[in-house]
Amino acid sequence: MSYTPGNPVTRWIEYRLPIFGFVHHQLVDYPTPRNLNYWWNFGSLAGIALVIQIATGVVLAMHYSADSNLAFDSIQQIMRNVNYGWLLRYIHLNGSSMFFAVVYIHIFRGLYYGSYKTPRELLWWLGLIILLLMMATAFMGYVLPWGQLSYWAATVITNLFTAIPLVGDAITQWLWGGFVVGDPTLKRFFSLHYLLPFVIVGVVFVHLWALHVHKSNNPLGIDTKGPKDTLPFHPYYTVKDLAGLGVFLLIFAAIVFFAPEALVATINNEPANPLLTPPHIVPEWYFLAFYAILRAIPNKLLGVMAMFGSILILFALPWLDTSPVRSAKFRPIYKQVFWLLVIDAAVLTWVGANPPMGKFVLIGRLATAYYFLHLVVLMPLIGWFERPRPLPESITTPVLKEGAAAGGAS
Amino acid sequence: MKRLMLAAALAILVPTAAGAAEGPAIPAHGWPSDGLFGRFDKTALQRGFQVYEQVCSACHSLKYIYFRNLTEIGLSTDQAKAIAAEDEVEDGPDDQGEMFTRPGKLSDPLPRPFPNPQAARAANNGALPPDLSLITVAREGGADYVYALLTGFEEPPEGFALGDGMNYNRYFPGHQIAMPPPLFPDAVTYTDGTPATVEQMAADVAQFLNWTAEPRLEDRKRIGIKTFLFLLVLAGLFFACKRKVWAKAH
Numbered sequence: 001m002s003y004t005p006g007n008p009v010t011r012w013i014e015y016r017l018p019i020f021g022f023v024h025h026q027l028v029d030y031p032t033p034r035n036l037n038y039w040w041n042f043g044s045l046a047g048i049a050l051v052i053q054i055a056t057g058v059v060l061a062m063h064y065s066a067d068s069n070l071a072f073d074s075i076q077q078i079m080r081n082v083n084y085g086w087l088l089r090y091i092h093l094n095g096s097s098m099f100f101a102v103v104y105i106h107i108f109r110g111l112y113y114g115s116y117k118t119p120r121e122l123l124w125w126l127g128l129i130i131l132l133l134m135m136a137t138a139f140m141g142y143v144l145p146w147g148q149l150s151y152w153a154a155t156v157i158t159n160l161f162t163a164i165p166l167v168g169d170a171i172t173q174w175l176w177g178g179f180v181v182g183d184p185t186l187k188r189f190f191s192l193h194y195l196l197p198f199v200i201v202g203v204v205f206v207h208l209w210a211l212h213v214h215k216s217n218n219p220l221g222i223d224t225k226g227p228k229d230t231l232p233f234h235p236y237y238t239v240k241d242l243a244g245l246g247v248f249l250l251i252f253a254a255i256v257f258f259a260p261e262a263l264v265a266t267i268n269n270e271p272a273n274p275l276l277t278p279p280h281i282v283p284e285w286y287f288l289a290f291y292a293i294l295r296a297i298p299n300k301l302l303g304v305m306a307m308f309g310s311i312l313i314l315f316a317l318p319w320l321d322t323s324p325v326r327s328a329k330f331r332p333i334y335k336q337v338f339w340l341l342v343i344d345a346a347v348l349t350w351v352g353a354n355p356p357m358g359k360f361v362l363i364g365r366l367a368t369a370y371y372f373l374h375l376v377v378l379m380p381l382i383g384w385f386e387r388p389r390p391l392p393e394s395i396t397t398p399v400l401k402e403g404a405a406a407g408g409a410s
Numbered sequence: 001m002k003r004l005m006l007a008a009a010l011a012i013l014v015p016t017a018a019g020a021a022e023g024p025a026i027p028a029h030g031w032p033s034d035g036l037f038g039r040f041d042k043t044a045l046q047r048g049f050q051v052y053e054q055v056c057s058a059c060h061s062l063k064y065i066y067f068r069n070l071t072e073i074g075l076s077t078d079q080a081k082a083i084a085a086e087d088e089v090e091d092g093p094d095d096q097g098e099m100f101t102r103p104g105k106l107s108d109p110l111p112r113p114f115p116n117p118q119a120a121r122a123a124n125n126g127a128l129p130p131d132l133s134l135i136t137v138a139r140e141g142g143a144d145y146v147y148a149l150l151t152g153f154e155e156p157p158e159g160f161a162l163g164d165g166m167n168y169n170r171y172f173p174g175h176q177i178a179m180p181p182p183l184f185p186d187a188v189t190y191t192d193g194t195p196a197t198v199e200q201m202a203a204d205v206a207q208f209l210n211w212t213a214e215p216r217l218e219d220r221k222r223i224g225i226k227t228f229l230f231l232l233v234l235a236g237l238f239f240a241c242k243r244k245v246w247a248k249a250h
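These protein sequence lines are chains A and B, in that order. Sequence positions in the first sequence follow our numbering and run 1 to 410. Sequence positions in the second sequence follow our numbering and run 1 to 250.
Hint data in this document are derived by calculation from the structure and do not stem from the laboratory. Incorrect hints may appear among the rest.
What the hints assert, rightly or not - Derived EDC-like pairs: lysine to aspartate or glutamate, alpha-carbon spacing no greater than 20 Å straight-line: (1) Lys228(A) with Asp29(A); (2) Lys329(A) with Asp223(A); (3) Lys63(B) with Asp73(A); (4) Lys42(B) with Glu88(B); (5) Lys42(B) with Glu218(B); (6) Lys105(B) with Glu53(B); (7) Lys221(B) with Asp73(A); (8) Lys248(B) with Asp29(A); (9) Lys244(B) with Asp29(A); (10) Lys221(B) with Asp87(B); (11) Lys105(B) with Glu88(B); (12) Lys63(B) with Asp223(A).
Throw the hints in and build the complete structure from the sequences for me.
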């Protein structure tokens, strides 16, 4: 299936650099399983969220001052005196929440339909690397406005590195560029906050490359067996992605225009004050679950290890999950247990938002224990003992069964 | 399971009451700028500015507000210029290298009551009066908090140990506030003849501070409604396209 452009100019270019053919094969006639549901929208939505963050971020950086004496004021300058600066900032600020929401759904979709299983382990790994990069980027972005929580979040999180035995203090001072969080810290965070999104773009391309080798998984979790099982990406999935994008933009706009500060802690509208520790230091909602894991363990070093371990363990998931069946649709036990992990994540998020006192200590510890139990114990056990339901012969069989007589059409 | 998942999603997305645990509950007052179609009440903003200028500005700055911004609350350019001209601003250096003073201009920020935080503390029994530009977004409760605080001064309950030079306020976290009750009846004489009760002045200045915190609020809501309606149509078109294209595939 070679591609010959009709236009002589594009043909001239194509002969020297087959870029149009590349786009055609990867985005137009790219064979995609015909049964993808709307949960498969979240990959493209994540890509769009990334582009929105970069586009707004580049313009915001034109007006922002990465100086501890000017940063807070420069944000207000953007909000008040830059044309539509308030809009750019509110999009960027809430865009990070939209990005994480979409990515978390994307990850849970992968968990439900077994998208991490062979031959897509590297695809899964690349996704996790993107998640880690996103977390670093979001954390450093949160520091830039240099409000009270910006400053204290930076202090709390960078202090985690002091837990490293022997060299912890040295590493932390090296990260800070001083003996406390200060102007050098802000400047390097700004530099890295600008750099990392482009690293994410790079990893996203490798993620897509890996995706396009074995193509998308699908709700049935079985391999495609020829052209009957697939549809060309364009127009079928371009329009389906657009349909999802419409809903995404409506939710995004509702937040940006009608509740732009809903996800912002009021205290971050006060300038950083190194002499005044806020009563509660909480991260953004998308870090709360990890924050809860960190605080669930009374030992600092072990807490830090559990927090990072909660993501690192996901790299082992393709082997922790011993079931050969991908989709939870055919796994009667896993299908139920999956939701326990979703609930566990919600509980951890809720615990992370509350001070570590009273009932929250116990709930946080139980939820943390369950998280690791789920991945390290339940996943292998269920894979071994569960009797999966019979898999359909091909993607087309169940799809066309709904149309009954349509089977003879081919 | 679908319902559980929705509950989980809500638990994650609904903003958490982080940092809200401190302080007494603030009663909701309700303001013209609330809601999807909320707009500032310009006459209230002008009265609020009068309260700020004649009362609050003795101790509190509004560092992000310039005289030119006053035209946004409904004052004419000439009125704003006249207000600016009452201020004396140090400018310079001139071509002799000397600093000089001149009347304020539209491009000047509102004057600050103290040259630095140390001077502010020295004049206020060690307490630092915060800048008020962002106060309604930097406190839980927003304008409701400002209103509650300004009307919440009362005698301390029996047995309450009030610190030296401190005042009892029902709504301040810990109830001890360094600021003495700033408003008393007829503290200002409104140019529009509105009776200057404490509640009226508190409500006016709360709205004014809501404006200083987010002067682009009206733009945001106006553009928001247009954008949302546009996206609603766009999303409908996208969905219709999807159905049309996929009709062939089933």
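Cross-check of the supplied hints:
no., hint, in the structure
1, Lys228(A) with Asp29(A), "holds (14 Å)"
2, Lys329(A) with Asp223(A), "holds (15 Å)"
3, Lys63(B) with Asp73(A), "holds (9 Å)"
4, Lys42(B) with Glu88(B), "violated (27 Å)"
5, Lys42(B) with Glu218(B), "holds (12 Å)"
6, Lys105(B) with Glu53(B), "holds (17 Å)"
7, Lys221(B) with Asp73(A), "violated (24 Å)"
8, Lys248(B) with Asp29(A), "holds (16 Å)"
9, Lys244(B) with Asp29(A), "holds (19 Å)"
10, Lys221(B) with Asp87(B), "violated (34 Å)"
11, Lys105(B) with Glu88(B), "holds (9 Å)"
12, Lys63(B) with Asp223(A), "violated (63 Å)"
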